[in-house]
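**Student:** Residue numbers (this note's numbering), protein chains in the order written: chain A, 1 to 415; chain B, 416 to 1286.
There's no promise every hint is true.
Stated by the list, open to error - Capping the alpha-carbon separation at 16 angstroms, the derived lysine to aspartate or glutamate pairs in EDC-like fashion look like this:
id	chain 1	residue 1	chain 2	residue 2
1	B	Lys482	A	Asp405
2	A	Lys200	B	Asp883
3	A	Lys169	B	Glu588
4	A	Lys188	B	Glu999
5	A	Lys135	B	Glu566
6	B	Lys592	A	Glu187
7	A	Lys138	B	Glu999
8	A	Lys135	B	Glu1272
9	A	Lys208	B	Glu930
10	B	Lys489	A	Glu43
11	B	Lys897	A	Glu187
12	A	Lys188	B	Asp997
13	B	Lys562	A	Asp215
14	A	Lys200	A	Glu187
15	A	Lys155	B	Asp1002
16	A	Lys200	B	Asp997
17	A	Lys258	A	Asp161
18	A	Lys138	B	Asp1002
19	B	Lys805	A	Asp290
20	A	Lys252	B	Glu763
21	A	Lys138	B	Asp883
22	B	Lys562	A	Asp405
23	A	Lys169	B	Asp585
24	A	Lys155	B	Glu566
25	A	Lys138	B	Glu588
The hints are simulated quantities; they were obtained by calculation from the structure and are not laboratory data.
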Amino acid sequence: MLIALPALESIGFRRFASAAENTPGTPPKRAVFLGFGFGVTEESWYPDIKQTGAQYELSEGLAPLARHQKDLTVVQGCSNQYNNEAHWGSTFWLTGANRYSVPGQSFGNSISADQVAAQHLGQNTRFTSLQLGSKDVKGSGHGPGLSLAWDQRGKPVAGLDTPLQLYHKLFSASDLPLAQRQAAIAEKRSVLDAVLAQAKQVQRGLSKTDTDKLDEYFQGIRDIETRLSKDEAWLEIPKAKPPIDEPASGLKGKEEIKVMYHLIAAALQTDNTRVISYRQPVASLLQSLDITMAPHNMSHYTPGERMQASQKRDIAQSELLAGLLDQLKATKEADGSSLLDHVALAYGSNIRSIHYLDNCPTILAGGGANLKMGQHLALSKDTPLCDVWLTMLNGLGVQSERHGDSSGVVKKLRA
Amino acid sequence: MKKLCYSVCILAMALGALAQAAPPVAELPKKHLELFSTYCFECHDSVMEEGDVDLENLAFNLSKDMKTAETWQKVLNAINSGEMPPDDEPQISDSEKTAFLDDLSNQLVTARKVLSDSGGVIAMRRLNRREYHNTIEMLLGVGIDVKSLPEDGGGGSFDTVGASQFMSSDQFEQYLKLGRIAIDEVFDRRATQIQGPIATTSTKTWKQRREVEEHANKKVSGTYNGYFKGGHDKAKIFLKTGTAQKGIIDEQMAKFRISKFEEQGPSYRRYLEHSLTQKGSLLTISPVYDREFIALPPEQPSGWRKTKHVVDTLPPGDYKFRFRIGALKGTPISRRFVDLGGVPKEKEFNRIGTYQITGTTDQPQIIEVPISLSKDGPRKFALREKRDPKGDLARSKAARKATGLGPTPALWIDWVEWEGPLGPPEGESQLMDWWLSADAGLAEPSRARKILEQFSSRAMRGTKPGTDFIDRLLAIFEVRRKTGEAFDLAIRTPLSIILASPGFLYLNEPGGEKERRQLTDRELAVRLAYFLWSAPPDDVLLELAEKKQLSQPEILRQQVDRMIADLRSDEFVSGFVHQWLDMERLDFFQFDVKRHREFDESTRAATRQEVYQSFAHLFRDSENGRLGKLLKSDYVMINGLLATYYGIDGVTGDTFRKVKLPKNSVRGGLLGMAAIHAMGSDGVESSPVERGAWVLRHLLNDPPPPAPPNVPQLSRLADKPLSARQRVLAHQEEPQCASCHRKIDPIGFGMENFDAAGKWRTTEQHVPKDKKARKANKGKKMEWEIDPSGKFHNGPAFADFSEMRYLIAKWKEDKFARGFTEHLIEYALGRPFGFTDEDLANGILTSAKSKDYTVSEFFQALVATQEFQSK
């Protein structure tokens, strides 16, 4: 695998963009995916289906996003046709997979859109992609998985659980001298060689099924090797200076998401990575809004207390998203454009509301994928959600023809 | 309808049994063809094919292939969502629709199972998180925190199922890190043992007692004199003179401090003036002194610092913690419990145990708790009265309103004491038997090699490591030595690598794809140990394997008996029962402290133990341990805490034991256990639907299909003052709902006499919560008598809970045993239970039934099968 060596004399982040993909001075493209598990309040979240195009009124649940209306597009009508799991809002959200697609197995998944984007956008940054999550995942309507991300083989990719962990990953430098850090990498390589030798011993005589199972281990080792090569390439380049303060530990709910959003903006700003996914907490968000019911109970809302809770959650989430967009707008690139101009952001869930899996709530924002913003788009019923992901990926420069169960690109989305 | 559906399945199974190779089929009864021709073919026949859907040529065999199953899934979704038939076309009658959806959704579940059947192949599995923890503990004698590893299982399968386990680069790095933590700790403990405990005396351990009043009184009087009284006095001066005082610069602040003093001052004064605080400390449930903190090494001001024994860091090891405690006169029984917990951070409290207090302040009791301290684990602990602290504020307010003082203190502590670190318990073999000391007479490279070989072989459960592997480990060791690291330090890196290598992490059994082969005796020992202990085999098993005797039926039987009797099988009980009964739900909800005051963390933990203990009791009783006693029994397995919770007299102490129930008790058996009721609730209200579905899934082995997507939800009744029964009965108005809920709901109603926290009740209340509703119904708290009567779908009627339980216990034991067997097979073999396992399950059931379904017999029968003993 080839690693483009970053310029050594300066740590100006713009330099890491490889010349092959970006003409000098053009800020790189980035992708952000935010998934929120249990869906939204149908009655007050979606804009009126009769008002489409640029002239539409934001709904009550989206009202906090009013100042960004021109920079986002609300898409209606999409779904993942194979998902029949009424409580799994994140497992297949970015993959569109059929869990029963592998004969002889009761669960399978495929690569998620963010990981496809990472293969393309992640070569020249310190971190190929970042997967974020929360310690609060149970009962939040996300479904199986370790983050929103699933790798090439459809295996779950682990994420960072707290803003503090992310902060340290992005900005905390090792204070060891270079020679020692080099020795550490060399030792890690020897460690991998040693366990590989042992793995080969175990592999002898295994059946086909078991060899496949052991392959996960081999793949894990290969992934670390790739990462080590990258670490090596970045060894002499100091980590970026943090544009924000170290977050407090133990953040929960609304505050946790808010700080995570700050760090997402900071990670993009410092060009630590160009692809980020975030599986957001739900239960702790409710608790931080003084809602005492469990997310699942709230999701089965009916007029009254539960629906009020659900709406309160919608508004809090919209406020948080508006805050992130503010920040992405306020951060300027070297050429004077805003960070948001170069970010393709997707926000949503595989669950619409309650147990409904059609018309998945979807908001797109930013100029990174050359999508048409400022619209309310009503696509025909049951348009594959993967058509949206494919359009977004194409716009980010990924030349693939399909993603998941996609049937084609969404022309109306193209700018 | 249910009968019909079953006859289809049974037919399919019978065929499968006759002709081994013939796969079972999920077939929709032909009678539904009529429904199709009446309502669907007009558009979806092979000529019209509207929407590319041709139902005429769609096979009624749902499991024919993936595509067929997918199309049927779409049919199910379209009817469920009300999309089909279209509004302007004739509609399917409710009864037809219900019957059809019932068959289709159940047969689709069957079809999915058929299509995902692994055909009996066991995919290699690695140690799951629990097993990893236990294996490290057995190997090294240290328990480490494994929370950083992902939990296995989920998605409906056990954590022992290899096909559902994953491995990733992150996880590998975690294994390296955790392995190192464990190895470091071993060395630290070893250093402690070699050097002896830190003491100036000649004894091997040190022991320190702290009189708690000094600390407590200093803290309480400091707050009282400084903040409350001090603030009050300064505020008075300010109001009199107008001169700013420290912390008081305006009138508002001054008044605030005066009111705070008036509010809290009396409670603080009561504490300080109480005669018992002269020689101990009171635990309050108000801010006055709500915890007794015990740090290791002890905090100031205790006088401990002055002693020469105390050091800043203490070696990890096993310690004993003791405290002398008594309850104050007049304390109600429900408040005679104390929690001990680790306090890693301010305000955090990780409960270690809960203890019932039978002593009084005149005759206190001494409680001793063994505590294992790890290198980086908590060193600060606290005692507090058992309760949910979320309710403290409300309790304090209520008490002050009534008496002007905070809640009456219930417990008093005389002193606390630490002793340790203690050596390994008597009889436990030297844990580092793979280690060679420097004076073993070996040159360094040979010594290191030998250590790595011995440790490797032990970690890999008796498999010899390859030379290549050891060579590479040695090379890593040598590089470290060259940089000047000591032998004892440099060797730790290769040792921890062994703990991240596949030979340690995977339970690998070589074998061909097609032919099954008998496991070797060593492999059998490993499989057996991870099945019954979730841990590696011990020396007894390995020696029998070495002599090739383990596979002899008589010896195998003895070993299974020995392993069940051994307390290590508690690991099986908690691991299996937790997953089998979906007990994860018990932790899903925060319980409403106002409505379920007694159901705090300690009670919740005890209710979980009740389930485990009830199972373990039967598991270890090879004479009378009949499985059916989980459906109904004339006894309960409880301790003092649960007895208090259930209102059962005459049980004190923290040990769980068998307690005979009075006739007609609603307790006894899973259906009477608070944990089961709490799982079927949301922490506030009971959920008849969750409970009914749970009973169908776990007791009756008739699991309802998963909650379908896109079914219209009934909203019109929301927040109307209706009983749970009225509310849920509305489910049955819509055929999409009725197809499952007619089975689920009656059972759930039968359990309505248990509230969300499992307490018995006879009435149910509705408190309107919606703002509008609150206005409309101001002061109208509605209450009605609970009506638990009902009728099983296509089954007998029952008048109340006891009758329902009786019917289940009497008629459903076979079903229950069947479900248990299927789950046990999946757990033990580490692969999903498939249709190909019919004979296996029937064989085990026949054996077990011949012994009255004695729980241990299921295990004996399963272990004796070809499937368990072959790869």
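**Student:** Is the straight-line distance between the alpha-carbon of Lys188 (chain A) and that of Glu999 (chain B) 16 angstroms or less?
**Tutor:** With Cα atoms ~38 angstroms apart, Lys188 (chain A) and Glu999 (chain B) exceed 16 angstroms; violated.
**Student:** Please verify whether Lys155 (chain A) and Glu566 (chain B) have alpha carbons no more than 16 angstroms apart.
**Tutor:** Holds, at about 15 angstroms.
**Student:** Does Lys169 (chain A) pair with Asp585 (chain B) here, judged by a C-alpha cut-off of 16 angstroms?
**Tutor:** With a Cα-Cα distance of about 14 angstroms, the restraint between Lys169 (chain A) and Asp585 (chain B) holds, given a limit of 16 angstroms.
**Student:** Quickly compare the C-alpha distance for Lys200 (chain A) and Glu187 (chain A) to 16 angstroms and report which way the hint goes.
**Tutor:** 20 angstroms, violated
**Student:** Between Lys155 (chain A) and Asp1002 (chain B), is the straight-line Cα distance small enough, at 16 angstroms or below?
**Tutor:** At roughly 27 angstroms apart (the allowed maximum being 16 angstroms), Asp1002 (chain B) and Lys155 (chain A) break the hint.
**Student:** If you draw a straight line from the CA of Lys188 (chain A) to the CA of Asp997 (chain B), is it 16 angstroms or shorter?
**Tutor:** Violated. Lys188 (chain A) to Asp997 (chain B) sits at ~40 angstroms, over the 16 angstroms cutoff.
**Student:** Within a Cα-Cα threshold of 16 angstroms, do Lys200 (chain A) and Asp883 (chain B) meet the stated pairing?
**Tutor:** Distance ~10 angstroms between Lys200 (chain A) and Asp883 (chain B) Cα, so the pair holds.
**Student:** Verify the proposed pairing of Lys562 (chain B) with Asp215 (chain A), using a straight-line Cα cut of 16 angstroms.
**Tutor:** 25 angstroms, violated
**Student:** Please work out if Lys592 (chain B) and Glu187 (chain A) have their alpha carbons no farther apart than 16 angstroms.
**Tutor:** Since the Cα atoms of Lys592 (chain B) and Glu187 (chain A) sit roughly 14 angstroms apart, the hinted pair holds (cutoff 16 angstroms).
**Student:** Going straight from one Cα to the other, do Lys169 (chain A) and Glu588 (chain B) come out at no more than 16 angstroms?
**Tutor:** Given pair Lys169 (chain A), Glu588 (chain B) holds - Cα atoms ~15 angstroms apart, limit 16 angstroms.
**Student:** Given the hint that Lys138 (chain A) pairs with Asp883 (chain B), does the C-alpha gap stay at or below 16 angstroms?
**Tutor:** It is violated: about 43 angstroms lies between the C-alpha atoms, which goes past 16 angstroms.
**Student:** For the pair we were handed, Lys138 (chain A) and Glu588 (chain B), check the Cα-Cα distance against 16 angstroms.
**Tutor:** 24 angstroms, violated
In summary, the numbered hints that this structure violates are 4, 8, 10, 12, 13, 14, 15, 16, 21, 22, 25.
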